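These protein sequence lines map, in sequence, to chains A and B. For the first sequence, the numbering used here gives the first residue as 1, with consecutive numbering after it. For the second sequence, the numbering used here gives the first residue as 1, with consecutive numbering after it.
These are computed hints drawn from the structure, not numbers from a lab. Keep in mind the model is a prediction, meaning the values are calculated, not measured. Among the hints, a few may not be true.
Unchecked claim - Here are the simulated distance ranges between beta carbons:
1. B:L37 <-> A:G47: 33 to 41 Å
2. A:D312 <-> B:L27: 39 to 47 Å
3. B:L27 <-> A:A22: 19 to 27 Å
4. A:K314 <-> B:L37: 49 to 57 Å
5. A:S284 <-> B:R43: 23 to 31 Å
6. B:L27 <-> A:M154: 34 to 42 Å
7. A:P313 <-> B:R43: 56 to 64 Å
8. A:R187 <-> B:P58: 46 to 54 Å
Quick reminder that beta carbons are idealized off the backbone N, C-alpha and C, glycines included.
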Amino acid sequence: MKFVEEFRDAKLGKVVAGEILAAVDPDRHYKLMEVCGGHTHSIYRYGIDDLLPENVELVHGPGCPVCVIPMGRVDDGIAIARHEEVIFTCFGDMMRVPGSTQSLLEAKAEGADVRMVYSPLDALRLAKANPDRQVVFFAIGFETTAPSTALTMMRAKAEGLANFSCMCNHVTIVPPLRALLDSPDLRLDGFIGPGHVSTVVGARPFEFIPADYGKPVVISGFEPLDILQTVLMIIRQLGEGRCEVENQYTRVVPYEGNLRALEVMSQVFELRPHFEWRGLGFISQSALRLADAYADFDAEQRYEVPGVRVADPKACQCGEVLKGVIKPWECKVFGTACTPEHAIGTCMVSPEGACAAYYNYGRFASEKAVA
Amino acid sequence: MEGQVPHCDHTTGCITCGDEAIPMDVLEVDAGRGLALCADAERRRSSVEIALVDPVAPGDRLLVHAGTAIARAEVAA
């Protein structure tokens, strides 16, 4: 596909890597955070970090929505899924995220009707096809996914679908970034900005990072050349003493975002006063719930949920991984008690999760090297 | 429905939840239903909600996430 293959060209990648090497100050250490889990995945899939100079370190941020879901919310979802009349729908990765006693997949094995869907519209179709059942969609994701849920809820309301509801866990990107920047144990030089969240919210919401915290942000695409060019743009900003929001991903991201998507989101959602993030704790106004006009479609109003906060397992260090304080392999249980097959922490569940990306690619690569 | 959707795995990344969208080319438009038949790089076809980016025409490149087009993407000449 045009405009995909070109951005995976290995020769061009080496050229950009050479430019990065020429641009870095050898006496300085650069610590850059990729906010989005999609970037983490690309970095390990294509071995991008191996092309960077040793003094350029990439750390992984909180941008995988599966990784930041707290166990209490999984428990709430399972409580709804156990209702006999309910068909509980969610994205694939969500089914394996551990709650306090079990995952949705384990609840399914015990008889709950839990089904994987590719989009909220699939859940809506399921509701139409099963008028005798109640279909609940477990909505999760940043502003990339929220418009899809919003359109689905608008369709459900317009069609007066009484057997469809949504358990809303959508989160917003800016509050956790601010929380990270306020964290005393975090030392960062710049951000690789989330490309696809930005197609919806635009570049403007990130302007507070250079303005208030003095750190550059470059919004990046997901192909290897995109990420390498983004690293170069950040290094150049730092070298030239500039500090601003730049857009590497101009072929997709308009500076103002998708105004129509923002409009449908504002009609369907409102901000929650606070929401718990795994590893980051409660963050004010960092998540969305259905607005009053959509209260009839709110699964949390339709069903009683435990709503209990559950502490993370003591052995799990997802919090430090999500904040970029430690690397995944520095976690006490990485690759031993916690593997993709038997995940303790959420970062090991989703392929976008930093731990799973390390496990699946980093470890595989080192084993190959030894062999 | 479950059999029709690809599963998440570590070689392709998370298909739905990683907040990463995929580029797809528009093949046909059903304006009445607000949907377009699109194909990804592997020529897998699916029906896509286009309310957030329309009007679209065959040949357009869209960025699709969770069954919804969230942006247009440039197409190389």
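Results for each hint:
1. B:L37 <-> A:G47: 33 to 41 Å: holds, 36 Å
2. A:D312 <-> B:L27: 39 to 47 Å: Hint holds: Cβ distance 46 Å, inside 39 to 47 Å.
3. B:L27 <-> A:A22: 19 to 27 Å: Distance hint for L27 of chain B, A22 of chain A is violated at roughly 44 Å.
4. A:K314 <-> B:L37: 49 to 57 Å: Check passed, 50 Å falls within 49 to 57 Å.
5. A:S284 <-> B:R43: 23 to 31 Å: Once the Cβ atoms are compared, 45 Å apart, the range 23 to 31 Å for R43 of chain B and S284 of chain A is violated.
6. B:L27 <-> A:M154: 34 to 42 Å: violated, 25 Å
7. A:P313 <-> B:R43: 56 to 64 Å: violated, 43 Å
8. A:R187 <-> B:P58: 46 to 54 Å: Given range 46 to 54 Å: holds, Cβ gap about 50 Å.
Hint compliance for this structure: hints 3, 5, 6 and 7 are not met, and every other hint is.
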